[in-house]
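Q: Residues per chain are reported as follows:
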Amino acid sequence: MSTTAVETAVSLDNALSTAIGARKQSSVEVTDYDSRQTVGKITVDHPKMICREVNVYYGEKHAIKNVGLDIGTNEVIAFIGPSGCGKSTFLRCLNRMNDTIPICRVTGQIKLDDDDVYDKSIDVVQLRARVGMVFQKPNPFPKSIYENVAYGPRIHGMVNNKTELDELVRDSLERAGLIKEVEKRLDEPGTSLSGGQQQRLCIARAIAVNPEVILMDEPCSALDPIATAKIEELIDELRENYTIVIVTHSMQQAARVSQRTAYFHLGDLIEIGDTDQIFTNPRHKLTEDYITGRFG
Amino acid sequence: MNKLKPSAAPVAPGRDIKTIVNASLKRRHAAERRFRWYGLIAIGLGLIFVALMFTNIIGKGYPAFWQAYVQVPITFDPAVIDPQGNRDPKAIETADYAALVRAGMRQLFPAVQGRLELRALYGLISSDAAYELQRQVQQNPALIGASQEVWLLTSATVDTFVKGNIDRTLDETERLVKDNQIEWIDKLLAAGKIQKQFNTVLFGNGDSREPEQAGIRGALMGSFFTLVVTFLLSFPIGVATAVYLEEFAPKNRWTDLIEVNINNLAAVPSIVFGLLGLAVFINFFGLPRSAPLVGGLVLSLMTLPVIIIAGRAALTSVPPSIREAALGMGASKLQTVGHHVLPLAMPGMLTGSIIGMARALGESAPLLMIGMVAFIVDVPKSFMDPATVLPVQIYLWSDLPERAFVERTSAAIMVLLAFMILMNGLAIVLRKRFERRW
Chain A
2 MSTTAVETAV
12 SLDNALSTAI
22 GARKQSSVEV
32 TDYDSRQTVG
42 KITVDHPKMI
52 CREVNVYYGE
62 KHAIKNVGLD
72 IGTNEVIAFI
82 GPSGCGKSTF
92 LRCLNRMNDT
102 IPICRVTGQI
112 KLDDDDVYDK
122 SIDVVQLRAR
132 VGMVFQKPNP
142 FPKSIYENVA
152 YGPRIHGMVN
162 NKTELDELVR
172 DSLERAGLIK
182 EVEKRLDEPG
192 TSLSGGQQQR
202 LCIARAIAVN
212 PEVILMDEPC
222 SALDPIATAK
232 IEELIDELRE
242 NYTIVIVTHS
252 MQQAARVSQR
262 TAYFHLGDLI
272 EIGDTDQIFT
282 NPRHKLTEDY
292 ITGRFG
Chain B
1186 MNKLKPSAAP
1196 VAPGRDIKTI
1206 VNASLKRRHA
1216 AERRFRWYGL
1226 IAIGLGLIFV
1236 ALMFTNIIGK
1246 GYPAFWQAYV
1256 QVPITFDPAV
1266 IDPQGNRDPK
1276 AIETADYAAL
1286 VRAGMRQLFP
1296 AVQGRLELRA
1306 LYGLISSDAA
1316 YELQRQVQQN
1326 PALIGASQEV
1336 WLLTSATVDT
1346 FVKGNIDRTL
1356 DETERLVKDN
1366 QIEWIDKLLA
1376 AGKIQKQFNT
1386 VLFGNGDSRE
1396 PEQAGIRGAL
1406 MGSFFTLVVT
1416 FLLSFPIGVA
1426 TAVYLEEFAP
1436 KNRWTDLIEV
1446 NINNLAAVPS
1456 IVFGLLGLAV
1466 FINFFGLPRS
1476 APLVGGLVLS
1486 LMTLPVIIIA
1496 GRAALTSVPP
1506 SIREAALGMG
1516 ASKLQTVGHH
1526 VLPLAMPGML
1536 TGSIIGMARA
1546 LGESAPLLMI
1556 GMVAFIVDVP
1566 KSFMDPATVL
1576 PVQIYLWSDL
1586 PERAFVERTS
1596 AAIMVLLAFM
1606 ILMNGLAIVL
1616 RKRFERRW
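Residue numbers (my numbering), protein chains in the order written: chain A, 2 to 297; chain B, 1186 to 1623.
With the rest of the complex left out, here is chain A (with noise of 0.2 angstroms):
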């Protein structure tokens, strides 16, 4: 299963490479460097989340400014950008992860469904039920495998009794791809997984609960190649009924895992499109920069 994952990765890669190189002779009309107006269409058919004139601010510091995007549903979205651009910043807008920064002040609209997500109605709680996360660090609680993937049915009250709960974290696990590793052992603490059977851990924990949409945040840059292949596996498994956001410093995986690539840069939203269109033909300066390695 692995094998094929990374031969996947890896054609993809060619793939990628033999667009960039392709890339060169289409002529079409590039943005200058200075323009911090965002290129491409931002709205996409079926949205499941629509955020427009979205600021975020950390104190003084004008951390986002004026993004608006559309998320499709089922479908993967990748942000991209160099470090600091606020990639990690938006994703945590869209589940009111920033609300745990005292100092995190946004604006804007930021809509689930037809839900607006920092109205005052919407409870953060019901929110992050709704729209679940992978962290860029696996962060298992200190709790037995079991109890890992328990917990969310069981705060939010999803299950009756044990033998659903049972069903469920056998469900979840198994979406996840993990449960042949750890069926004989779901008594065994989280922590004890590798890193990579963590992070999956973390991504059963993540649609135990069903959530509509799934961020996650770096989720493969501390693992090894092999394990990063198994969950970019996953993620492309997932989309038929989950919509994902995912951040990455990976071109490469951004390439891989989704169809649409937004690109951010300081704060902006540089471009946004198709996942083929931004590798093969940006259409912006800054945005070839990043993608052929010039810059960032």
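Take these hints with a grain of salt, some might be off.
[Claimed, not checked] Pairs of lysine-lysine, DSSO-like flavour, derived with a Cα cap of 27 angstroms: (1) B/K1378 / B/K1436; (2) B/K1518 / A/K112; (3) A/K185 / A/K144; (4) A/K42 / A/K66; (5) B/K1348 / B/K1378; (6) B/K1363 / B/K1381; (7) A/K121 / B/K1436; (8) A/K163 / A/K185; (9) B/K1436 / A/K62; (10) A/K138 / B/K1211; (11) B/K1518 / A/K121; (12) B/K1348 / B/K1245; (13) B/K1378 / B/K1245; (14) A/K138 / A/K62; (15) A/K181 / A/K112; (16) B/K1378 / A/K144; (17) A/K42 / A/K181; (18) A/K144 / A/K112; (19) A/K121 / A/K62; (20) A/K163 / A/K181; (21) A/K163 / B/K1518; (22) A/K121 / A/K66; (23) A/K144 / A/K163; (24) A/K144 / B/K1518.
Hints were generated in silico from the structure; no laboratory data involved.
The hints should help you fit chain B onto chain A, whose structure is shown.
A: Positioned in the frame of chain A, the structure of chain B alone reads:
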């Protein structure tokens, strides 16, 4: 690409890096060796003083765990105990048991005659002996009319002499035991009728003016009640405060001010808390003096800042990723804290609390202010009974000149130290037991 090339190091011409490093190497190593020696000397000094303290205290205190008893033939004469013959408890309680003891002593030494001689003979026995007989008869009225050998507590002077702390070569006028008493003691010792037995009095009695009857039970119970109050108040309040300040409170000028004040409170001399307790709890609220309840309240005030500071440190040491994980799952703030953060911080909090409690156990100054320094014979039975605590008992006994009290002072210190070590050991065990890795 130019940046990646290593630039030429600015080395003085004619000298390579090896000679430069070697020149300073000896000095660097010497500094390290010196530092190690300083460390070893410091540790050595510390250990020497600890060893000195322990040998001194144990050397002085261990004889207090044994007490000299004398075997006396006692006839439980019905004519003395129960002249009416109706086993009236009142009569049994008020009977002249001292007469039985005196009769027993005369039976041991029939040759002794004369008022002064007899008084010296009776002086070998503690005044507690009569009460001991009374207790035995009250427990078992069938004893009345019987004759049996009874082990009775000797007076403190005999105890001291038997333990070899009175020099028999001294002139009689400078000695606590007189020549005739020494003669009787020697006879009894030779007959095996004086024995050193385990000192149950020390652990069974409250304080007393008679050294051989003085024990630490009262002080132990006082310490126990006081610490129970302290723990019940300071642990929940301290943990709640720490959790609120660390996890819920907004970070603003007010919380900063509170934090600074809590840190300052931890450094306030403990006697100040005693004065506060006197003014607030006793004078204002009218609570009784010398009560463990008030002592516990005062010690809570003293321990709270310690627990809060330890609790906050334990909470900060929980990695933020755990909080994020729980919040990201849609757990509410309280669920995050209750399910994940607090269990992980608990070992640290418990350790801090136990160390705070150990400090409270050893505290005497604030308790002096609220009257827990009184001479209290009865063992306290509740939180409102007048009581004293171990450190204060030690302080009280350390003032007294009798050899038996000197021993008991050290013995009480040993008991106190044993509890301290026990509590600190418990803290270590808890920390090891519940330590988690993430």
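Q: Please go over all the hints and tell whether each is borne out by the structure.
A: Right, here's what the structure says about each hint:
1. Taking the CA atoms of B/K1378 and B/K1436, the gap is about 75 angstroms. The hint is violated against a cut of 27 angstroms.
2. Taking the CA atoms of B/K1518 and A/K112, the gap is about 23 angstroms. The hint holds against a cut of 27 angstroms.
3. For the proposed pair A/K185 and A/K144, the alpha carbon gap of about 16 angstroms is at most 27 angstroms, so the pair holds.
4. This hinted pair checks out: A/K42 and A/K66 have alpha carbons roughly 18 angstroms apart, not beyond 27 angstroms.
5. Of the pairs offered as hints, the one joining B/K1348 and B/K1378 holds, with about 15 angstroms between alpha carbons and a cut-off of 27 angstroms not exceeded.
6. The straight-line distance between the Cα atoms of B/K1363 and B/K1381 is roughly 21 angstroms, inside the 27 angstroms bound, and the hint therefore holds.
7. The suggested pairing of A/K121 with B/K1436 holds, with an alpha-carbon distance near 22 angstroms, which does not exceed 27 angstroms.
8. Between A/K163 and A/K185 the alpha-carbon distance is near 18 angstroms, which keeps this suggested pair within the 27 angstroms criterion.
9. Simply put, B/K1436 and A/K62 have alpha-carbon atoms about 19 angstroms apart, close enough for the 27 angstroms limit, and the pair holds.
10. For the proposed pair A/K138 and B/K1211, the alpha carbon gap of about 44 angstroms is over 27 angstroms, so the pair is violated.
11. Proximity of B/K1518 to A/K121 is assessed by CA-CA distance (about 17 angstroms); at most 27 angstroms being required, the pair is judged to hold.
12. At most 27 angstroms may separate the alpha-carbon atoms for a hinted pair to count; B/K1348 and B/K1245 meet this at roughly 12 angstroms.
13. Straight-line distance between C-alpha atoms of B/K1378 and B/K1245 comes to about 26 angstroms, which keeps the hinted pair within the 27 angstroms bound.
14. Proposed proximity of A/K138 and A/K62 is supported: the alpha carbons are some 26 angstroms apart, at most 27 angstroms.
15. For a cut-off of 27 angstroms, the pair hint linking A/K181 to A/K112 is broken: about 38 angstroms separates their Cα positions.
16. As the CA atoms of B/K1378 and A/K144 are separated by approximately 66 angstroms, the hinted pair breaks the 27 angstroms bound.
17. The straight-line distance between the Cα atoms of A/K42 and A/K181 is roughly 42 angstroms, outside the 27 angstroms bound, and the hint therefore fails.
18. Of the pairs offered as hints, the one joining A/K144 and A/K112 is violated, with about 34 angstroms between alpha carbons and a cut-off of 27 angstroms exceeded.
19. Distance restraint check for A/K121 and A/K62: the Cα-Cα separation of roughly 25 angstroms lies within the 27 angstroms cut-off, and the hinted pair is therefore satisfied.
20. Of the pairs offered as hints, the one joining A/K163 and A/K181 holds, with about 21 angstroms between alpha carbons and a cut-off of 27 angstroms not exceeded.
21. Between A/K163 and B/K1518, the direct Cα distance comes to roughly 26 angstroms. Compliance with the 27 angstroms bound is thereby established for this hinted pair.
22. Between A/K121 and A/K66 the CA atoms are separated by roughly 23 angstroms; this keeps the pair inside 27 angstroms, and the hint holds.
23. Distance check on the hinted pair: A/K144 and A/K163 sit about 18 angstroms apart at the alpha-carbon level, within 27 angstroms; holds.
24. Distance restraint check for A/K144 and B/K1518: the Cα-Cα separation of roughly 19 angstroms lies within the 27 angstroms cut-off, and the hinted pair is therefore satisfied.
The structure shown violates the earlier hints numbered 1, 10, 15, 16, 17, 18.
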